Amino acid sequence: MSKQFTIIFFLILLGDIVALHFPELPWLRYITKPAIVGSLIIWLALQKFDLSRLKHYLMAGLIFSLMGDVLLMFISNSEYYFLFGLFVFLLAHICYILAFVRRGYFKPGHLPLGIILVTAYAIFIFWNISDGLGENQPYVIAYMLILWLLVTVAFMRKGYVPLRSYKFVLAGALFFMLSDSLLAWDKFNESIPFGNIAIMATYGLSQWLLIRGGKAQEE
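Heads up: the sequence shown begins at 43 in the working numbering, then just goes up one per residue.
Any given hint could turn out to be false.
Think about it this way: if two alpha-carbon atoms lie no more than 20 Å apart in a straight line, the pair counts; the simulated EDC-like pairs of lysine to aspartate or glutamate are [said to hold, decoys possible]:
#  : residue 1 : residue 2
1  : 200       : 261
2  : 209       : 261
3  : 97        : 261
4  : 97        : 260
5  : 209       : 260
6  : 229       : 121
7  : 200       : 260
8  : 45        : 261
9  : 229       : 173
10 : 90        : 261
11 : 45        : 260
12 : 229       : 177
13 : 90        : 260
Pairwise CB distance ranges, derived in the manner of DEER restraints [what the hints assert, rightly or not]:
#  : residue 1 : residue 2 : range
14 : 234       : 92        : 39 to 49 Å
15 : 120       : 204       : 40 to 50 Å
16 : 231       : 93        : 34 to 44 Å
17 : 184       : 45        : 34 to 44 Å
18 : 120       : 60        : 22 to 32 Å
19 : 204       : 67        : 39 to 49 Å
20 : 90        : 48        : 12 to 22 Å
21 : 49        : 172       : 38 to 48 Å
22 : 67        : 187       : 36 to 46 Å
23 : 180       : 45        : 37 to 47 Å
24 : 120       : 260       : 37 to 47 Å
25 : 123       : 187       : 14 to 24 Å
Calculated from the structure, these hints are not laboratory results.
Given the structure is predicted, the values throughout are model-derived calculations rather than measurements.
Where is the CB? At the ideal position from N, CA and C, for every residue including glycine.
Sequences and hints are given; from them, build the entire structure.
In structure tokens, the structure reads:
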């Protein structure tokens with residue numbers, strides 16, 4: 043991934059974070075938020091991959107993510123937009139899982155400590171937001187399980203892919219979990235100071251890391 047694109051991407055991400063401070067100009071975020079993943083879609087479309095399967099699943103993950111970004115911008119109109127957004131992000135995670143998973147990753151008796159810690163973190167988050175979930179509980183549980191599986195796959199890639207790819211994808215999956223847990227806490231537990239900034243910063247970084255890691259798998 044070129045330095046020029048990386049600079050452009052993080053300027054777009056910064057622009058979206060700045061746009062958060064201008065709620066009186068909602069149209070501004072209609073441009074900046076979709077542009078985050080949109081820029082990655084354009085970059086990925088221009089790349090050549092030895093494994094077309096990898097590129098196709100990454101592209102599908104980005105497209106579903108873009109759909110989710112757009113849907114979540116309309117939560118104030120109806121809570122159904124949250125559920126629709128949750129569903130398409132679940133599909134995005136499934137696509138990322140399919141992009142990165144390979145046979146042989148899961149071996150009996152092999153359980154990295156990181157997976158245990160991430161599982162404990164997920165349980166902690168769910169325990170603290172469960173009272174506020176209401177009818178959303180089964181949907182959130184399903185989403186959390188798929189996200190947990192993405193992180194698990196990211197951990198299990200060690201030794202099977204180039205180290206740079208492993209580190210990028212693992213960091214991307216972890217930042218995605220962090221971003222979503224901040225969003226869940228802010229929505230279903232209590233408001234987080236500067237929560238929107240933290241959520242978008244970690245989300246944008248997670249997407250960049252996942253795509254960067256996918257490309258690094260072939261380097």
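Here is what the structure says about each hint:
1. 200 x 261: holds, 16 Å
2. 209 x 261: At roughly 14 Å apart (the allowed maximum being 20 Å), residue 261 and residue 209 satisfy the hint.
3. 97 x 261: Distance of about 14 Å is within 20 Å: holds.
4. 97 x 260: holds, 11 Å
5. 209 x 260: holds, 14 Å
6. 229 x 121: holds, 12 Å
7. 200 x 260: holds, 15 Å
8. 45 x 261: holds, 16 Å
9. 229 x 173: holds, 12 Å
10. 90 x 261: holds, 11 Å
11. 45 x 260: holds, 18 Å
12. 229 x 177: Satisfied, since the Cα-Cα distance of roughly 14 Å is no more than 20 Å.
13. 90 x 260: Holds - the C-alpha atoms of residue 260 and residue 90 are around 10 Å apart, at most 20 Å.
14. 234 x 92: 39 to 49 Å: Once the Cβ atoms are compared, 42 Å apart, the range 39 to 49 Å for residue 92 and residue 234 holds.
15. 120 x 204: 40 to 50 Å: Because 44 Å falls inside the window, the suggested range holds.
16. 231 x 93: 34 to 44 Å: At 41 Å between Cβs, range holds.
17. 184 x 45: 34 to 44 Å: holds, 39 Å
18. 120 x 60: 22 to 32 Å: With a Cβ separation near 27 Å, residue 120 and residue 60 satisfy 22 to 32 Å, so the hint holds.
19. 204 x 67: 39 to 49 Å: holds, 43 Å
20. 90 x 48: 12 to 22 Å: Holds: the Cβ-Cβ distance is about 19 Å, inside 12 to 22 Å.
21. 49 x 172: 38 to 48 Å: Given range 38 to 48 Å: holds, Cβ gap about 41 Å.
22. 67 x 187: 36 to 46 Å: holds, 38 Å
23. 180 x 45: 37 to 47 Å: Once the Cβ atoms are compared, 44 Å apart, the range 37 to 47 Å for residue 45 and residue 180 holds.
24. 120 x 260: 37 to 47 Å: holds, 42 Å
25. 123 x 187: 14 to 24 Å: holds, 22 Å
In terms of the numbered hints stated before, the structure departs from none.
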